[in-house]
Amino acid sequence: MRLHVDWTACDGRGLCAELLPELITEDEWGYPVVRTDEVSPRLEKAAGRAVDRCPALALHLLRR
Amino acid sequence: MTDALWYFGRGTGLVALVLLSVVVALGVGARSGRTAFGLPRFAVNLVHRNAALLAVVFLLGHVVSLYFDPYAQLRLVDLVVPFAGEYRPFWLGLGTLGLDLLLAVVVTSLLRHRIGARAWRAVHWLAYLCWPVALLHGWQTGTDGTTWWLRTVAVLCAALVAAAVAWRLSPGFERFPDRVPRKRPVLEEAR
Chain S
0 MRLHVDWTAC DGRGLCAELL PELITEDEWG YPVVRTDEVS PRLEKAAGRA VDRCPALALH
60 LLRR
Chain C
0 MTDALWYFGR GTGLVALVLL SVVVALGVGA RSGRTAFGLP RFAVNLVHRN AALLAVVFLL
60 GHVVSLYFDP YAQLRLVDLV VPFAGEYRPF WLGLGTLGLD LLLAVVVTSL LRHRIGARAW
120 RAVHWLAYLC WPVALLHGWQ TGTDGTTWWL RTVAVLCAAL VAAAVAWRLS PGFERFPDRV
180 PRKRPVLEEA R
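Sequence lines, in order, name chains S and C.
Reading the first sequence from the start, the letters are residues 0 to 63 in numbering that gives the first Met the number 0.
Reading the second sequence from the start, the letters are residues 0 to 190 in numbering that gives the first Met the number 0.
Heads up, incomplete: computed chain S residues facing chain C, CB under 10 Å, no partners named:
(1) Leu14
(2) Cys15
(3) Glu17
(4) Leu18
(5) Val50
(6) Asp51
Here are the in silico distance ranges between beta carbons for each label pair:
(7) Thr24/S x Ala165/C: 31 to 39 Å
(8) Trp148/C x Arg48/S: 38 to 46 Å
(9) Pro39/C x Asp36/S: 25 to 33 Å
(10) Asp36/S x Phe36/C: 29 to 37 Å
(11) Leu61/S x Pro39/C: 21 to 29 Å
Just so you know, these hints were derived from the structure itself, not from any lab.
Just so you know, even glycine gets a beta-carbon here, dropped at the ideal spot from N, CA and C.
Build out the structure end to end from the sequences listed, making use of the hints.
Here it is, written out as structure tokens:
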């Protein structure tokens, strides 16, 4: 699984970086930076929660 | 038993109004994407959602108990179609309208990953109609409508939402000044 940010939808609200600090940091404008290509199985549930809470529906968990 | 349904219906209605006011205030405050009410952003988001779902539970209790209450004499159609009631049809109808609006908002929110952000947001705006409708319904319909404590609670609910709206419209609501200092130490560390 990998995380994908839909940049046309992302508003930089910052919930994903709070919920998933292991995989997502923020750039200096508050937009998410996905730090890794691979979401480990251990973090899939947490990643799914971050995807679910994105207010802009801009974060996606994709099967590679 | 008769009285129990009546009291239960009134109490659940009041709790639902208080919860909805909290939900609206959190929803208004959450818009900035900055931390609000001393909570992290995801916490504001989750309390907003969970309080809304809890309000639905209380509202179902409110509607079901008053439907079975022999004094209120509601028909099934009164629970769905606004302004068709026998007793104070306008003020009762506001409650029905508020229920319909709230169900639309909640169902689209639960399905928002399927219907997409645009449709979800369009329906979510109905919350701004739903809350004042619910407030007026509580203010005018019930046995308690004219009591000092109900009026006090209603005024406090209105003040809470008004404060959230005023904060959102104020120039200090902008999120970016908050963001950059928060992240700067991490960036310097990476350099």
